[in-house]
Each structure stands twice: as structure tokens, then as C-alpha cells.
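K.L.:
Here is how the chains run, residue by residue.
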Amino acid sequence: MATKPELPVNDPQLDPTTGEFRVIAPGYTFKSVTDVISRIVLTPHTPMGWFAGFMLAGTFVLLLMTAVTWLFLKGVGIWGLDIPVGWGFAIINFVWWIGIGHAGTLISAILLLFKQQWRNSINRFAEAMTIFAVICAGMFPLIHVGRPWVGYWLFPYPNTMNVWPQFRSPLLWDVFAVSTYATISVVFWYIGMIPDFGTMRDRAKSRFPQYAYGILSLGWRGSVRHWMRYETASLLLAGLATPLVLSVHTVISFDFAVAILPGWHTTIFPPYFVAGAIYSGFAMVITLAIPIRKFYHLEGLITIRHIDNMGKVMLATGLIVAYGYSMEVFMAWYSASHWEYFMMWNRIFGPMGWSYWVLITCNIALPQLLWLRSTRVSPGRMFVMSLIVNTGMWFERFVIVVTSLYRDFLPSSWGTYRATRWDYATFTGTLGLFTALFFLFVRFLPMIPMSEIRMMLPQAKVTEPEAMEAGD
Amino acid sequence: MPVREGIYGLLAEFDTPTELVVAAKTAYDSGWRRLDCYTPYPVEEAAEAIGFHRNYVPLICLVGGLMGLAAMFLMETWVSVLAYPLNVAGRPLFSWPAFVIPAYEWTILWAGLSAAFGMLAMCGLPTLYHPLFNAPNFRNGATVDKFFLCLEANDPKFEAVESRTFLEGFGPVSVVEVEY
Numbered sequence: 001m002a003t004k005p006e007l008p009v010n011d012p013q014l015d016p017t018t019g020e021f022r023v024i025a026p027g028y029t030f031k032s033v034t035d036v037i038s039r040i041v042l043t044p045h046t047p048m049g050w051f052a053g054f055m056l057a058g059t060f061v062l063l064l065m066t067a068v069t070w071l072f073l074k075g076v077g078i079w080g081l082d083i084p085v086g087w088g089f090a091i092i093n094f095v096w097w098i099g100i101g102h103a104g105t106l107i108s109a110i111l112l113l114f115k116q117q118w119r120n121s122i123n124r125f126a127e128a129m130t131i132f133a134v135i136c137a138g139m140f141p142l143i144h145v146g147r148p149w150v151g152y153w154l155f156p157y158p159n160t161m162n163v164w165p166q167f168r169s170p171l172l173w174d175v176f177a178v179s180t181y182a183t184i185s186v187v188f189w190y191i192g193m194i195p196d197f198g199t200m201r202d203r204a205k206s207r208f209p210q211y212a213y214g215i216l217s218l219g220w221r222g223s224v225r226h227w228m229r230y231e232t233a234s235l236l237l238a239g240l241a242t243p244l245v246l247s248v249h250t251v252i253s254f255d256f257a258v259a260i261l262p263g264w265h266t267t268i269f270p271p272y273f274v275a276g277a278i279y280s281g282f283a284m285v286i287t288l289a290i291p292i293r294k295f296y297h298l299e300g301l302i303t304i305r306h307i308d309n310m311g312k313v314m315l316a317t318g319l320i321v322a323y324g325y326s327m328e329v330f331m332a333w334y335s336a337s338h339w340e341y342f343m344m345w346n347r348i349f350g351p352m353g354w355s356y357w358v359l360i361t362c363n364i365a366l367p368q369l370l371w372l373r374s375t376r377v378s379p380g381r382m383f384v385m386s387l388i389v390n391t392g393m394w395f396e397r398f399v400i401v402v403t404s405l406y407r408d409f410l411p412s413s414w415g416t417y418r419a420t421r422w423d424y425a426t427f428t429g430t431l432g433l434f435t436a437l438f439f440l441f442v443r444f445l446p447m448i449p450m451s452e453i454r455m456m457l458p459q460a461k462v463t464e465p466e467a468m469e470a471g472d
Numbered sequence: 001m002p003v004r005e006g007i008y009g010l011l012a013e014f015d016t017p018t019e020l021v022v023a024a025k026t027a028y029d030s031g032w033r034r035l036d037c038y039t040p041y042p043v044e045e046a047a048e049a050i051g052f053h054r055n056y057v058p059l060i061c062l063v064g065g066l067m068g069l070a071a072m073f074l075m076e077t078w079v080s081v082l083a084y085p086l087n088v089a090g091r092p093l094f095s096w097p098a099f100v101i102p103a104y105e106w107t108i109l110w111a112g113l114s115a116a117f118g119m120l121a122m123c124g125l126p127t128l129y130h131p132l133f134n135a136p137n138f139r140n141g142a143t144v145d146k147f148f149l150c151l152e153a154n155d156p157k158f159e160a161v162e163s164r165t166f167l168e169g170f171g172p173v174s175v176v177e178v179e180y
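Line order of the protein sequences matches chains X and F.
This note's numbering puts the first residue of the first sequence at 1, with every later residue one more than the last.
This note's numbering puts the first residue of the second sequence at 1, with every later residue one more than the last.
Hints may be right or wrong, so weigh each one.
[Unchecked claim] Pulled a few chain X residues facing chain F out of the computed Cβ check, cut under 10 angstroms:
no., residue
1, Phe30
2, Thr160
3, Val163
4, Ile194
5, Trp354
6, Trp357
[Claimed, not checked] Distance condition first, Cα-Cα at most 25 angstroms in a straight line; then the derived SDA-like pairs of lysine to any residue:
no., chain 1, residue 1, chain 2, residue 2
7, X, Lys31, F, Val175
8, X, Lys205, F, Pro136
9, X, Lys461, F, Leu62
10, X, Lys205, F, Tyr129
11, X, Lys115, F, Asn137
12, X, Lys205, F, Val178
It should be emphasised that the hints constitute simulated quantities derived from the structure, not laboratory data.
Since this is a predicted model, take the numbers as computed values, not measurements.
Note that beta-carbon positions come from the ideal geometry of N, C-alpha and C, so glycine has one too.
Model the full assembly from the supplied sequences, consistent with the hints where possible.
P.N.:
Pasting the structure below:
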């Protein structure tokens, strides 16, 4: 039903046998795919739009540096943290960013294991998005510790103070989960790029790119023996990244769920955090993919099919998240706990209840439009939808952190939360850092995996009978 | 160590993966063992054709993962039980369920790093020099759209003239001699 073609039947973007949008527009050859992708990087002419965007993002990076410098000079008191709301923007942004990163791993690992070939066009930059999002995420706990220059105390190492970390604390589990996630993501991303670096080395015309990509390619020459080991390693990394990505957001949800506090102490957190992470991550992939395919004319490689599929994933994960919200409300009533009941009532109708309604509107109500095929196949509408969902997901974390804390057990300890300008500066600064890193990525690295796209072309298949006969 | 001067091998260039697989399979079946195919994307059939059926990356990955598991779990136990015992309301010091989570993360970390670096090590990468890059047509096509079969000179069957005739029988685009 969802795939019923509404466009003319002779539309070249539609596959006549299935009526689905093609994953790649027809007519590509090995060479044209390589040209289209490598030209973006190897051209000596950087588009003006790139400079404009990079400068804008760079401005926000400067804002971030200012905010962080001031923080290091003055301490976390410049933020809106107070008692009872002792966790504010820093943890909200941490969870939000790391959640965004998760879709990259989902696309590159889980969809690889499920042999979803359509993922090939978007997996490289989704993976890049993961790494940049983890960089932004990892910054928040580090600058939040108060004395970031001794941040290495988080790791267990023999020291003259003779103290060791507490391995029973979810905050320490976070250290290992996030550092493992960052490392494995970088390794997976780099391993995936090695064959493409080989292509870039061979296609580069000037000396410096030849050296640079030559070194990065590690001497890749495409031997089938190497390819087979490479494919095994990719599959293994995908198989490892899949439980990893689930565990990372689970551990992050433990930061809340292990605390004995109404609104946090719930077993539904791990699955609903993971679904929410994938939800927001796919939204971010769409936010990035739609302008990029337009700007670099990659509509033939990142097709409507990709946007349509991502819309479906968003709809599915959005419904899981909606189930999570409704379960929270249900459990607040069913638990018969006075504190749980009050927390939920206050979350929905209290002085900060507006944030809950923003969350419901952005994460549940508006995304129902994704049921409509006309929404999913329209890049413009999907772009707006992706921004709405990411706003909603940010508010989800805001609701979890702030509305569980600001009405403490005793009315005498009730407080409120107001973010300061430094909170906003740090948050928008990380948005700038993320965008700036992404601009560098699209300029200097092949953003679509060429070798994987080649593999998807019809001429890539070995025609069996001939090859089989040969040996006999 | 192979001789580092003279001919490395004969390199035949093909336009399609099927031609390459046919040539590779015939060569392997007629006794060639020192040969390799070079393709711009993984061609499983070509690997099968030259008798490369399995690799040891999964084993390295498994061993690495188990080492990570053991390393973290033992460290946690040592730290929490022996080196820095913290009595929190009389709870047991050896609280292994809590130790599982970092141990799980390190299993993945070590397994992943072992798979990645093990794969590179088994491929002999990084390597800064390889004689094949001396072939003029190799760099134009091997990583873009051409398929190569290389019969290496250290195979006992290698004869500069006869091997060339053998390769030309498959109708390649070209056959070139690759020097060290």
C-alpha cells in the first residue's frame, strides 16, 4: 500500500518491477559513481557556499570556546544549576548528542547485518555524524566535572593518592561505554574508508592529495584476499557495534534509572532511551542528507527511497517512544506510589508542564504525518519533520532531567530551573562544532562509500554460468 | 624473502568481473598458486576462484574479545575486593553483576580493535611500497573500474613468454610485465 506509485509509471526513479523508488538512479557506471563522489573532494574549487557555511559554523565554535573558557575560569556556577535541579543542560545535551550519534551506528552496523543495501549511500556520513555527535556529547560530562584538567581521574590507573574508581556506579560505566563507543566508531569509520582512500590516491592529480590519501589508504591495492579479510572484519565490527550501541544508551539510561527518584527509577528506560536515540539520530541524518544531496547534486545516489525509508524508521521508533511515554504515565498511576503520582501530575500540569506538551507535540503528534507517503517522499517536509523531531527529543531529555527534580519530596525544597546565557552559548556552540566538523568532512573525505556503491550496480555481478563452466 | 629485482609478475587487465573470475579459476585449476586478483570492490567469486576460502580474522577477534573481558573483569575484582575495598552499607565487595557492564564494554572494545588491526596485519598493511603500483594501468583502474589478475613470478609455473600467452588466451584488455 505504502509503495503504490503515484508518479508517472515511466518515471526513471521508479523500479518498474516493484513500483518502489530505486535505491540508486539508473545509468551509473563504476567510473561515473567514482567521479561523482571523488570530484567533490578532489576539485581545486571549493564552492563559495561551503565557505559561507563553514564561517557561520565557525562563529559558533568561537562562541563555544568562549563559553568553555569562562566556565574553566569561573566554574560550573555560571550555569543554571542549583539545588534541587543539580543536573541541567550539560546532561540534557550529553544524552541528546549521544542519542543522535546512535543512528549512524544503526545505519552502518545493524542495517549492514540485515543486508539492507539501501543504507550504502548514507552510511559513511551517518557514521561521520556519529563521531562528531560523540565528540560534542563527550565534552559535556568532561566540562561538567568541575575540574576538567583532572578528568583522567575517571580512569582506573595506579596513582599516588592510592584511590580507585567505584566500579558499581553507572557514572563510571558511562566512562567505559562512551569511550568504547567513540573508539569503535572511529575504527569502523576509518576501516570503511580505506578502499576509498585508495581510490582518492589514484584519482588525485596533485602531489599533496596523492601523499595524504596515499598514507591514509595504508597502501590499499584491492587484492581479493584483502577484500575478503576486510569484509569479514567489517561484518565483525558491525556485529560488535550492534550490541555496543544498544548498551551505550542503556548505560546512559542507568545514570537515571539506578537513582531512587520518582521519574527516573524505572525499568522501561533502557529500551525507550535506545528507541529515542535512534529516532533522533535518523532525524539528524535527514537534516544533514537533504541539504547535502541538493547542494552537491547527489540526488541520484541519495534518492527519495532513502528519505522514504528513513521516514519509516522514524515513524516506527517514534511509536516505540510514544509507548514509553504512555507506560511512564500508566506506571505512575499503577504503582500507587504517592510520589510517582505527584511527579507525573506535576510533569504534565505543573509550572514546567509546557515542556511536556512541547515534547508530546513534537515527538508524537506531528510525526504521525509520516504515515502519509506524501510526507515521506517530500524532501522539504521531511527536513522540517526532522527538525521537529530533534526539538522534541531535546525536550524529552529536558523533561526527564528537570521535571523529575524541581519538585523535591518536601515542598520547602521546591525550586525551579533557569538556564543561563552560558548554558545556551555552550549548547549552540556544540551545534556549531558539529556543523563545522561536518563541513570539513564533506570537503576532505569521500562522503559516500564508493566501493559499496560499485557493489550495488548491476554490472558488479559475476554472471554465474560462464564463471562456473570455466574450471570444468 | 622473494628476489627484489627483476619481474614481479604478469598483470592482465579485464573490463568485467566475470572475465576476471573465468581467468582466475582457469589459472588456479591449471596449477597456479602464486596469483592474486585485484578488484575495485569485493568480488567473492574471485577469491573462491584462487582458492582463498577462509581467513583468520574471526579467530583474532574472538581471542581479543576474551582478553578484554578477562582484563576488565579481573581488574574490577582486584580493585573492588583487594586494592580499594569500599564498605557501602555492608554490601558484598565482590559485586560481580555491576562488574559485568564495563567488562562487556571492554569485550567489545578489544574484539573490535583486534578485528580491525588483525585484519590490517594479516593483509600486510600498511605498506608504503608495492611493485604493482609500477604498472601504468594499475593505478588508473584497480581502485575504480578495472579488474586485474596477476600471475606472480615466484610461482614455479612462471615463464615470461608462455605465461603471457596463457593470459592473452582470456582476451584481456592488456597484459603487462610488472617490475620490482
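K.L.:
Please go over all the hints and tell whether each is borne out by the structure.
P.N.:
How the hints compare with the structure:
1. Hint status for X/Phe30: holds, given a least beta-carbon distance of 3 angstroms to chain F, under 10 angstroms.
2. At about 14 angstroms, the closest approach between the beta carbon of X/Thr160 and any beta carbon in chain F exceeds 10 angstroms, and the interface hint on this residue is violated.
3. Hint status for X/Val163: holds, given a least beta-carbon distance of 6 angstroms to chain F, under 10 angstroms.
4. For X/Ile194, the interface hint holds, the least distance from its beta-carbon to any beta-carbon of chain F being 8 angstroms, beneath 10 angstroms.
5. At about 36 angstroms, the closest approach between the beta carbon of X/Trp354 and any beta carbon in chain F exceeds 10 angstroms, and the interface hint on this residue is violated.
6. Interface restraint check: X/Trp357 against chain F, minimum CB-CB distance 35 angstroms, threshold 10 angstroms, status violated.
7. Taken as a hint, the X/Lys31 and F/Val175 pair is honoured in the structure, with Cα atoms around 21 angstroms apart against an allowance of 25 angstroms.
8. Of the pairs offered as hints, the one joining X/Lys205 and F/Pro136 holds, with about 15 angstroms between alpha carbons and a cut-off of 25 angstroms not exceeded.
9. Proximity of X/Lys461 to F/Leu62 is assessed by CA-CA distance (about 32 angstroms); at most 25 angstroms being required, the pair is judged violated.
10. The straight-line distance between the Cα atoms of X/Lys205 and F/Tyr129 is roughly 19 angstroms, inside the 25 angstroms bound, and the hint therefore holds.
11. This hinted pair does not check out: X/Lys115 and F/Asn137 have alpha carbons roughly 34 angstroms apart, beyond 25 angstroms.
12. At most 25 angstroms may separate the alpha-carbon atoms for a hinted pair to count; X/Lys205 and F/Val178 meet this at roughly 23 angstroms.
Checked against the numbered hints given earlier, this structure breaks hints 2, 5, 6, 9 and 11; the rest are met.
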